[in-house]
Amino acid sequence: MSVLQKLMETVVQFMPDKAPDPLIHKHGYLGTPVSRVDGQRKVKGEARFTAEFEIENLAYAVPVCSTIAKGRIISIDAYDAERSPGVIAIVTAENAPKMKRPPLMDVRHMDKGFAASDLAVLQDDKISWDGQPVAVVVAETLEQAEHAASLVRVEYDEKAARVSFEDLKAEATVPSAVMGEDPELEIGNAQKAFAAAAFKVDNLYRTPHYNHNAIEPHAAIAAWDEDGRLTVFDSTQFVNGCKHALAGMFGLDGDDVRVIAPFVGGGFGGKAALWNHTALCAAAAKVANRPVKMALSREDVFRLIGGRTPSEQRVALGADKEGKFAAIIHTGVTATTTHAKFPEQFSLTPRHLYASRTMSVGQKVVNLDTVANTWMRAPGESIGTFALESAIDELAYAMKIDPVELRRLNEPERDPTKGTEFSSRHLVEAYRRGAEKFGWSGRPAEPCSQRDGKWLIGQGVATAYYPVFRFPAAVRLRIAADGSALVQAAANEMGMGTATVQIQHAADRLGLPLEMVSFRYGDSDLPDSPIIAGGSSQTGSIAAAVQVAVEKAHRELVKLAGNGSPLAGANVEIEARDGGLFLSGEGNKGETYASILKRAGRDFIEVEETSGMPFEVMKYSMASYGAQFCKARVNRESGEVRISRWLGSFDCGRILNPKTAVSQLRGGIVMGIGMALAEETLLDTRRGRIMNPSLAEYHVPVHLDVPHIEIIYNDIPDEHTPLGAHGVGEIGITGAAAAIANAIFHATGKRIRDLPITLGKLL
Amino acid sequence: MKSFAYARAADLETAVQLLSKTPNAKLLGGGTNLVDLMRENIEQPDALVDVTGLPLDRIQERPDGGLVIGATVRNTAVAVHPVVRDRYPLLAQAIVFGASGQIRNMATVAGNLMQRTRCLYFYDHAARCNKRAPGAGCDAIGGFNRMHAILGASDSCIATHPSDMCVALAALNAKVKVVGPNGERTIAFEDFHRLPEDTPHIETDLQPGELITGIEIPPLGFARRSLYRKIRDRASYAFALVSVAAALEVDNGKVRNIRLALGGVAHKPWRATEAERVLAGANAGPESFRQAAEAELAPARGLAHNDFKIELAKRTIVGVLGELAGG
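Keeping their order, the protein sequence lines are chains R and L. Mapping of the first sequence onto my numbering: position 501 corresponds to residue 501, and the numbering continues sequentially without gaps. Mapping of the second sequence onto my numbering: position 302 corresponds to residue 302, and the numbering continues sequentially without gaps.
The set of hints was computed from the structure by calculation and includes no laboratory data. One should not assume that every hint holds.
Here are the simulated lysine to aspartate or glutamate pairs, EDC-like style, with alpha carbons at most 16 Å apart [claimed, not checked]:
no., chain 1, residue 1, chain 2, residue 2
1, L, K177, L, D57
2, R, K761, L, E311
3, L, K2, R, E146
To give a feel for the contact side, a few chain R residues facing chain L, derived at Cβ under 8 Å [said to hold, decoys possible]:
no., residue
4, E609
5, A678
6, T681
7, L682
8, E697
9, P701
10, H708
Backbone N, C-alpha and C define an ideal beta-carbon position, used for all residues, glycine too.
Produce the entire structure from the sequences given, and follow the hints as far as they go.
Rendered as structure tokens:
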């Protein structure tokens, strides 16, 4: 951590808190299960996703991907491909436009955008991973492009690739930072305290490579105009980031690039960074001198788009006779690549969850010659909670103490490593409510004690955890003379309900009915700021900006209303309700927006505002929490696992829309079931090649694998966040895999520490 | 996908003619596997002969109580057929476990027999595969082989046959009716699919120009008490790690009649004749079931990732037979 960063953390402790958002305790649209505003359009097929935009004179591009992991291209024989029907251009390093290397993510410079890999491919003959695009074929139709791509022959000079995490983990080194934090942290002498502890467990936990499989494969359409400006439709979680990263690559001004993404079919972190296909689509459009679409196939997504790093984590826990933790040791290795440098931050999780007399946390990273790893739903916390929460369960059995009680005993009063106050932490309450609803007290303590015919039954529990992030956001707000309002933000909607919740919010904030508010988003021509659908940050980030924009608009409206208005010179508070501004507690004394604007002869007023820096997340320890309860059935003959019940009890601040929030939490848990039981990227380490690049062979859960998932939540607002809310996009996956592994242990007495828990491991 | 010619055969004679006279032609049924493979450029036929218009789309009862199922009958039609459900429940179950409703609605019975392996290396052009390119070598042997054969594999190929339906048909002693340039013939089910040996690219006994016209299922009274059990990596939409098709008749505690076949273990649906032999007249109990399973799996060889399938197969045999014996 830099000196400046440390100084900043100290300074913010003395900064006064922002006054709590008055909407926190107001009952309006927020807190009610409003249906998605775009739900009907989606169901009717009217919502346009990236690959569906109809552009005149569009050509189709297909990548040709490397089949070696490291080396160099000797030659590309495109003779047959060039003569194949419909082919317009074949783009290789020979004729691709020059592209600069894009930046990688830096949390301090989110506004510049970032790419997943800092390689601009098709610039030289170097191969850095199996699946790297070596050519792009552009043709009149998709089928023609695909066929021609199959005719391109590439000759390589292959070098030995470093691809086996298992073989290379011993070479891992300590990175300079993990998400801006020191990669290693020691409190007291953890080794000594562990050695002396009355109870202890010390084990290794392994998680495999995982790949992204959003229902919408990545796609882009790029078009250059005659003035050299670039318009891109892109399935992105970050329109502004995409814009800036592309502008940098092509040497353009940010204003000369426009990125449009009204609907994204799931992202989960896999569409946050700029990936090669988007830049290649723009490059191909330049070479072909036509608009070009590159819609990746499912296989292409595996080859071009990375997923979650593998990990090996050691968790050693020591507790004294009373069950208090004497030592938490959580160390391990993850993998990244020389061109991604993303050490998935599992080691941040143990720093904030439990009180312990001593702690030793550390993370090392090894570089592999693979596609860039990237964010994948709760990067860090998902795998970190698997290891830590499995270990806590193991310790509970070793101590013969209830695992819920063990966690309660070690609930910290302040952040265990930073010493800061929690902004809002009610994990014990989430456990209490969850345990009651799940019927946890009726669970026999001993493993292997429940059976139904051939099925062994067990119940498991684990803590869910995800930090709060917020980024400065800019919004534009227009209030029109017809009494309607339009909120505009370069926000991203990948199915979570962004537009819906922001409309609920603005309606409450402005005192308007829902149908009078609309929300425009998914376009980088809207105010520029790092609003990203990532880090579970988007809702709060936008809300903070909408709050200041509405306040500014209200001030201007009062001014505009002038002396003739009942609002003039009011010495009581003015509140927004009934379509306008009214004096607090004074009935109908006030004026509607429509009336103010009409009197002033204005069609509308428009304001633009930016929210401030997120000092609160430095001042306080801010996170969401939860307790994941599940019931697993394990067939003692075959080892098949079926999850037959799930209850997630969450502490995520105030829930803004129970319908969309619960869907997000459920979705996270479904993904956690996949992570625990089925998903695994099969990377053949002899060649560094992914061997299961399809949904037939990369197993995500099917409906039959997923039980009804019950969700409850504390709904206790956090006074230090906009609307009192926390993000809910990622926490659902955290703790899920551990809850399953713990339930399987309870059912069978078998502790599985390497994911996925496939049936062979339980025979 | 490579360009190809397409012809629709109106009658059997034309179909045989088209198939034998067009170089590199393939028959098109439901297309649920062939078209996928064409899209992957693994199958690259120059011509497709569409057989879905042939008069082979009926299920007929035979006077002896057996069935003849036409080659182009859709999988769904077999699975819901009242006679199949009543007399051959293992067949109906196998089909239902075999694929999603949409695929079953399209897939034909003959096409099901002609499915190609799902070996990951067969699907990847960058890998070596003796099926795709005879003599090239096999990358699956030292690679990911969780789904691969534990019985009857060779140094050339360790692929498995992916069908569920065929496992039930193997247990039922079905016969495959074919017609070709030299007329009609009937192939015993266990002779239809081949073990890989050193020619894994030759997967069936079909000769050039021959096409399947139907499947004969002989009567088998005790098959009313039969089961198909499929073990896989998720609850649906996955190929079998191991499957067991079995019919069992117990008389006075002894095995009177037994049919047993395994899926997911070999290059062909695996009729468990050794287990059947051990069980003939034996006590219908877990000890002899285990003994039979041990005997059947005695020649099994596991690889890096599929070794667990040997024990899994044994346990599944014991479990299924136990259920059928009423245990």
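Tested hints:
1. With a C-alpha separation of about 14 Å, the suggested pairing of L:K177 with L:D57 holds against the 16 Å cut-off.
2. Under the criterion of a C-alpha separation no larger than 16 Å, the hint pairing R:K761 with L:E311 is consistent with the structure, at around 12 Å.
3. With a CA separation close to 10 Å, the supplied pair L:K2 and R:E146 stays within the 16 Å bound.
4. Evaluation of the R:E609 hint against chain L yields a violated restraint, the C-beta minimum of about 49 Å exceeding 8 Å.
5. Hint on R:A678 holds. Least Cβ distance to chain L is approximately 5 Å, under the 8 Å limit.
6. Below 8 Å, beta-carbon pairs count as interface contacts, and R:T681 has none with chain L, the closest being about 11 Å; its hint is therefore violated.
7. Because the closest C-beta pair between R:L682 and chain L is about 5 Å apart, less than 8 Å, the hint holds.
8. Taking 8 Å as the C-beta contact cut-off toward chain L, the hint placing R:E697 at the interface holds, the least distance being around 6 Å.
9. A cut of 8 Å between beta carbons decides the hint on R:P701: the least distance to chain L is about 6 Å, and the hint holds.
10. Annotation: R:H708 was flagged as interfacial toward chain L, and the flag is violated, the nearest CB pair being 15 Å apart, outside 8 Å.
Of the numbered hints given earlier, the model fails hints 4, 6, 10; all others are met.
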